[in-house]
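S.K.: Here is what each chain is made of, one letter per residue.
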Amino acid sequence: MSDAISVAGLVKAYGRTRALDGLDLTVRTGEVHGFLGPNGAGKSTTIRILLGLARADAGSVRLLGGDPWREAAELHRRLAYVPGDVTLWPDLSGGEVIDLLGRLRGGLDRGRRNDLLDRFGLDPRKKGRAYSKGNRQKVALVAALASDAELLLLDEPTSGLDPLMEETFREIVREERRRGDRTVLLSSHVLSEVEALCDRVTIIRDGRAVESGTLAGLRHLTRTTVHAELDRPAEGLAGLPGVHDLRAEDGRVRFDVDADALGAALRSLTAAGVRTLDSRPPTLEELFLRHYEGGRRAEAVR
Amino acid sequence: MSGTGTLVRLALRRERAVAPWWFLLLVALSLAMVGYINRNMGTYELKLAYTDVVRRYAFFRALGGGVVEPRLEVLATWRSGGFLYVINAFAALMTVVRHTRREEDAGRTELVRAGVVGRRAPLGAALLVAGATSLTGGALTAAALLAAGLEPVGTLAYGAAVVVAGWVFAGVAAVAAQLARDARTATVIGLYALGLAYVLRYAADASDRPWLKALSPLGWSHLVDAYRDERWWLLGVSTLAAGALCAVAYALLGRRDLGSGLLPERPGKEEAPGLRGPVSLAWRLHRGLLLKWAAGTAAFAAVGGAMGPLAKDVLARPSVVVTNITTLLGVPAADALDGYMWYYLLILAYGIALYPVLMIMRLRAEETSGRADHVQSTPLTRVRWAAGHLAVAALGTVALLALAALVFSAVYAALLGDLAGTAPRFLAAALSQAPAAWCVGAVCLTAYGLLPRASVPLCWAAWVLTALLGQVVAPFYGVWGGTPFEPFHYLPNIMAGQAFGTAPELTLLALTAALTAGGLFALRRRDVG
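Chains as they are written, first to last, in my numbering: chain A, 72 to 373; chain B, 319 to 847.
Wrong hints could be hidden among the right ones.
[As the list claims (entries may be wrong)] In silico DSBU-like pairs for lysine-lysine, Cα to Cα no more than 30 angstroms straight-line:
| # | chain 1 | residue 1 | chain 2 | residue 2 |
| --- | --- | --- | --- | --- |
| 1 | B | Lys610 | B | Lys587 |
| 2 | A | Lys197 | B | Lys587 |
| 3 | B | Lys587 | A | Lys204 |
| 4 | B | Lys630 | A | Lys197 |
Because the hints were derived from the structure by calculation, they are not lab data.
Whole structure, please, built from the sequences with the hints as guidance.
M.R.: Put into structure tokens, the structure is as follows:
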């Protein structure tokens with residue numbers, strides 16, 4: 072079995088709005104998969120369908136080799152979930168919630184539970200209504216991470232955490248990744264987090280996947296930004312296929328170049344005598360914004 | 319206080335769905351009483367006979383509060399007055415808590431207060447809206463009674479007494495909202511105050527101690543004595559008390575942080591060794607509700623038992639009241655006492671039928687709050703999750719009915735003897751009503767499964783219709799014996815010698831099972847959340 076999650080052509084409509092419109096998503100076993108998209112793109116809807124809380128209108132969904140709608144209970148033995156907006160029972164303490172969810176999942180590791188409480192600095196005796204958003208999120212995180220689940224579905228798990236706790240969360244996910252037998256689907260719009268943790272990412276917009284692959288692979292598809300200081304003007308650079316947005320003044324050049332044209336562009340630069348060179352692969356943020364703003368522009372034209 | 323105007327408009331917008339129902343209840347109840355008196359005590363002689371009986375027994379005097387005279391005005395308001403004051407007070411209390419503490423709990427006050435809104439504005443807006451709601455409730459009642467042809471000056475005094483009862487308890491709720499850490503606790507504090515006020519007023523009338531009545535805010539409204547003395551100045555006492563309570567609430571508001579209360583919060587447990595399945599979870603979440611219901615049920619049942627000697631005495635002498643009661647109960651005069659006990663038990667049972675309905679609404683609240691999602695992401699199936707709640711609801715209903723029977727018979731037997739004879743009969747009668755109460759809950763579950771978004775109003779409608787169409791309320795609008803559109807109708811009166819109804823019981827059980835299965839099946843097939 073190689074894929075923990077495989078989704079193809081997934082459609083979910085609420086009334087006239089199509090929350091998901093032919094989504095494809097593949098998460099391989101043992102990887103940390105980033106699930107990126109702006110608010111309202113359909114991330115949470117996808118996760119609710121993966122959990123069997125909502126039923127797909129069309130398309131195929133396989134989760135850990137089963138059908139999440141029909142075999143929800145059996146599959147839930149093997150997964151743990153952290154919702155994006157954690158609400159707790161006002162009368163139950165955090166410790167009680169962690170124990171309850173752990174036990175419903177078939178037992179939790181007490182040593183690990185207490186270790187996680189320590190690392191997140193969470194007081195388990197407080198009642199649900201007394202926790203802040205971040206602390207409610209920690210309760211759900213401890214409950215999920217203390218379980219022995221093969222698959223973790225995390226819906227924007229750090230949106231309420233402070234930077235220190237975010238770092239703790241990253242450390243823990245990295246430890247999980249090292250163990251190698253846990254798969255993580257991490258929905259987020261904190262791009263640095265995804266860049267730091269994920270093996271592969273899927274970017275969705277308007278209920279559809281617009282990009283999917285390894286970070287390196289995605290970067291390969293897009294342009295590198297090059298800044299250079301040259302001895303003399305670079306002849307023919309402007310004419311090279313794959314070079315875009317060239318600006319040159321006072322012996323400095325700046326341009327974007329497609330991955331497969333990078334070699335030719337660099338040859339043209341060395342011929343002109345390179346004094347300084349700075350080349351930067353696109354950040355995930357740029358990738359993301361390109362898709363997002365592209366969509367917005369397209370909408371504006373419409 | 320800046321921003322109060324905007325917040326008032328917001329609150330009024332949200333009250334559109336709630337306040338009209340309170341108005342309807344007040345007006346309907348006051349008119350129903352006028353109709354009831356006109357129908358059953360059309361002549362002066364009948365009124366006089368009725369008045370004589372009431373005057374003879376402290377319990378009856380206490381029920382309506384104050385002195386009765388054989389006049390339509392006095393009799394009608396005597397019968398409904400106590401309830402109208404309580405209803406308007408209850409409505410004001412809930413309105414204030416809804417717009418103060420509940421908003422704060424939800425974090426919406428924080429959002430609002432970050433704008434150009436004074437610290438006092440949210441409380442001020444809530445009090446204004448609650449005050450206006452109380453005023454409208456009293457005014458509409460008075461208008462309805464005027465239209466029914468009651469004497470105008472007394473009617474004004476009566477309407478005003480209804481208004482100020484609401485005002486005082488709006489003030490009580492404002493204080494409670496500052497003390498408590500959350501809306502539920504604030505409501506409970508307010509209800510304790512209301513209950514205490516009722517008990518004080520009742521005890522005062524039952525024992526003829528006017529000073530006790532003067533301690534109760536509800537008593538002040540009674541003491542206005544509409545249609546008789548019309549002590550207008552007492553309206554001022556209530557208004558001043560309401561103002562003082564509001565001043566206390568504002569002072570307390572200045573001493574606490576937003577979102578905190580003045581009563582300390584106890585820490586919870588660090589671990590939960592007992593929480594391991596759907597039933598234990600449902601029990602842990604909803605045991606507080608059941609305990610509150612048990613306390614209320616026990617109190618009402620004890621009152622019923624305590625009325626035993628009175629009922630025995632009244633029913634032993636022929637009078638217009640006895641004829642009324644035996645007609646109402648549909649039993650021969652010889653069985654009137656058993657009939658009374660069955661009727662009292664029915665009142666409790668119609669009330670207890672609300673308990674499973676509330677439990678279904680809690681199921682829905684678990685879902686909409688997102689808390690059900692946590693549990694649903696574990697191997698616990700949806701049906702088992704709901705079944706845990708249903709088990710607590712079903713057994714809780716039976717426990718409440720049994721408790722009502724046992725407390726009633728214990729108090730009854732302590733006064734009249736014969737525990738061994740009363741308790742088993744009463745217990746059997748109470749338990750025979752369980753399938754009907756379950757059936758009401760099962761209708762709600764079906765609504766919850768099929769139409770989750772509309773389920774809360776549908777649940778309320780199911781219970782309100784059961785009560786309105788039932789044998790207890792229907793006689794008040796002239797339909798003796800109730801209507802066949804609610805499940806309690808089909809239960810034979812086994813206290814007064816009718817045979818145990820195997821067929822209706824089994825039919826109700828089968829219907830309950832079918833509705834429950836249908837609701838769960840629908841729940842399994844739909845989206846959650």
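S.K.: Does Lys197(A) sit within 30 angstroms of Lys630(B), going by the straight-line distance between their CA atoms?
M.R.: violated, 54 angstroms
S.K.: Quickly compare the C-alpha distance for Lys587(B) and Lys204(A) to 30 angstroms and report which way the hint goes.
M.R.: Between Lys587(B) and Lys204(A) the Cα gap is close to 20 angstroms, so the pair holds against 30 angstroms.
S.K.: CA of Lys197(A) to CA of Lys587(B), is that 30 angstroms or under?
M.R.: Holds: Lys197(A) and Lys587(B) sit about 8 angstroms apart, inside 30 angstroms.
S.K.: Against the 30 angstroms threshold, does the CA-CA distance of Lys610(B) and Lys587(B) hold or violate the hint?
M.R.: holds, 22 angstroms
Violated hints amount to a single one, hint 4; each of the other numbered hints is respected by the structure.
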